[in-house]
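So in full-length UniProt numbering, the last spot in the sequence shown is 497, and the numbers never skip.
Keep in mind the hints are simulated off the structure, nothing from the lab.
One or more of the hints may lead you astray.
What the hints assert, rightly or not - Derived lysine-lysine pairs resembling BS3-like cross-links, with alpha carbons at most 25 Å apart:
hint	residue 1	residue 2
1	Lys49	Lys486
2	Lys249	Lys67
3	Lys19	Lys186
4	Lys135	Lys118
5	Lys190	Lys219
6	Lys249	Lys19
7	Lys49	Lys186
8	Lys249	Lys231
9	Lys49	Lys249
10	Lys249	Lys65
11	Lys190	Lys203
Claimed, not checked - For each label pair, taking beta carbons as the anchor points, the in silico distance ranges come out as:
hint	residue 1	residue 2	range
12	His413	Gln56	41 to 51 Å
13	Arg248	Tyr311	22 to 32 Å
14	Lys230	Ile124	35 to 45 Å
From a predicted model like this one, the values you see are computed outputs, not experimental measurements.
No residue lacks a Cβ here, since even glycine has one placed at the ideal position from N, Cα and C.
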Amino acid sequence: MASPLLQLRGISKSFSGIKVLDNIDLDVYPGEVHALLGENGAGKSTLIKIISGVYQRDCGTITFKQKPVEFTNTRQALDAGISVIHQELSLIQDLSVAENIFLGREPIKSRVFIDKEKMVSETIAIARSLGIDLKPWAMVRDLNVAEQQMVEIAKAVSCNASLVIMDEPTSSLSDRETETLFKIIKRLKKDNVAVIYISHRLKELEELADRLTILRDGKLIKTMVGEEMKKYNWVSLMVGREIKDFSRKAQKPGEVILQVKDFTDPPKYWDINFELRQGEILGIAGLVGAGRTEVLQGIFGVKKPKHGSLYLNGQKVLFNSPAEAISNGIGFVPEDRRLQGVILAQSVKDNISLPSLYDKSNYGFINFLWENQVSEDYIKKMRIRTPSAKTIVKNLSGGNQQKVALARWLAAHAKILFLDEPTRGIDVNAKAEIYNLMNSFTSEGGSIIMVSSELPEILSMSDRIVVMHEGRVAGILDRHEASEEKIMELACGKIAG
């Protein structure tokens with residue numbers, strides 16, 4: 001067998017006295033997909049940040065290409081041949097696609113000037129080789145999350161790395177884009193490039209992984225190779241116990257509390273009509289670009305529709321801003337939690353209390369006693385893994401950040417929740433916790449509109465399902481008649497009925 005491309009021995013790391021990695025040994029071989037599996041908070045992201053120079057280990061050794069290495073920053077790791085696609089997008093919003101791909105390594109002409117023509121031509125060549133569509137001079141801020149993810153993939157692959165690390169790379173991709181990514185990975189393997197692949201989607205790991213390492217609570221539980229991977233229950237190893245499949249119990253819907261009539265905002269969506277009832281979870285399914293998120297944003301006041309009516313508890317309303325929607329009891333957990341769902345540089349306490357500060361302040365002064373109490377209550381209620389309420393949110397795992405994003409609206413006593421991809425990038429245990437919170441919320445009279453690209457999630461959690469195709473409602477299905485096949489037929493343009 002060939003020597004490991006990357007070898008870790010005894011890697012440990014602590015933050016604020018809490019050990020997040022404990023004596024990790026790992027071998028990654030050339031031309032191999034080595035999958036990392038574990039709950040949110042198991043230490044996966046910390047481990048890849050140590051490998052790529054974001055963090056420095058407390059103890060242990062790292063060998064890359066048979067040489068000991070000490071990466072003190074990401075540039076050193078990149079120059080050595082390690083490229084990373086992080087779970088949370090790291091593109092510069094006000095730069096173009098080409099400028100992002102070549103950031104820090106721009107081609108130069110006449111020894112002084114950036115060769116923009118070469119950047120464009122190479123971006124086109126990279127996109128063509130990967131089988132994806134990229135517009136070199138499109139501004140990243142104008143791209144949706146899936147398109148930005150493809151830019152991240154192109155950027156990582158373009159560096160001619162020996163090791164590519166992918167952290168939840170398919171979390172915002174459609175099935176077609178996921179297939180394209182898998183082709184890219186298989187091409188990298190043929191070129192003898194190693195891939196460290198992190199995902200909670202077990203079917204992906206079954207298809208891609210040559211080797212699988214499971215982490216739990218910062219410790220390495222087991223590494224399996226080839227056929228050995230079929231002998232074990234991965235989920236049980238990951239969480240230390242059995243996790244049962246989750247399915248929402250049938251609910252008897254109440255009165256209509258939100259009604260959308262003829263919502264239109266070309267070219268994003270046209271003639272959107274649906275109702276939301278008290279105690280109901282209304283799922284919205286469709287392919288990437290179908291207009292699902294844009295409809296929620298239109299209702300919430302992010303961008304008003306050009307035409308249409310909205311009724312809340314039978315009264316005609318139109319929200320000119322998110323603040324108006326919030327004051328009427330609506331909360332929104334967006335798809336990109338780091339950019340829009342939480343304030344990363346503030347504490348857990350500040351994030352949970354933020355939507356309620358106006359109502360809970362006295363003459364402009366924050367009620368700190370209330371703020372401390374409500375944050376502690378929701379940390380316990382939602383099992384948010386954090387050293388304290390004062391911990392900065394960016395230091396939490398992705399799953400715990402998502403819980404904070406949801407807790408802020410529960411603490412504000414929202415009556416209606418808009419959840420856009422609520423479990424994206426979250427492990428199976430955290431998903432079950434989020435689902436339980438959703439069920440508790442609706443059993444107490446709350447209502448939810450949930451956008452999700454995961455059909456099993458849509459089918460198991462929705463009372464009714466709105467299916468969108470190219471900006472229009474293609475059909476509305478009751479849970480008893482819905483199936484993956486029916487949803488996909490409607491999402492791909494087959495006429496209902």
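Verification of the supplied hints:
{"no.": "1", "hint": "Lys49 - Lys486", "verdict": "violated, 42 Å"}
{"no.": "2", "hint": "Lys249 - Lys67", "verdict": "violated, 56 Å"}
{"no.": "3", "hint": "Lys19 - Lys186", "verdict": "violated, 35 Å"}
{"no.": "4", "hint": "Lys135 - Lys118", "verdict": "holds, 14 Å"}
{"no.": "5", "hint": "Lys190 - Lys219", "verdict": "violated, 31 Å"}
{"no.": "6", "hint": "Lys249 - Lys19", "verdict": "violated, 39 Å"}
{"no.": "7", "hint": "Lys49 - Lys186", "verdict": "holds, 24 Å"}
{"no.": "8", "hint": "Lys249 - Lys231", "verdict": "violated, 32 Å"}
{"no.": "9", "hint": "Lys49 - Lys249", "verdict": "violated, 40 Å"}
{"no.": "10", "hint": "Lys249 - Lys65", "verdict": "violated, 53 Å"}
{"no.": "11", "hint": "Lys190 - Lys203", "verdict": "holds, 22 Å"}
{"no.": "12", "hint": "His413 - Gln56: 41 to 51 Å", "verdict": "holds, 43 Å"}
{"no.": "13", "hint": "Arg248 - Tyr311: 22 to 32 Å", "verdict": "holds, 26 Å"}
{"no.": "14", "hint": "Lys230 - Ile124: 35 to 45 Å", "verdict": "holds, 42 Å"}
Violated hints for the displayed structure, listed by number in ascending order: 1, 2, 3, 5, 6, 8, 9 and 10.
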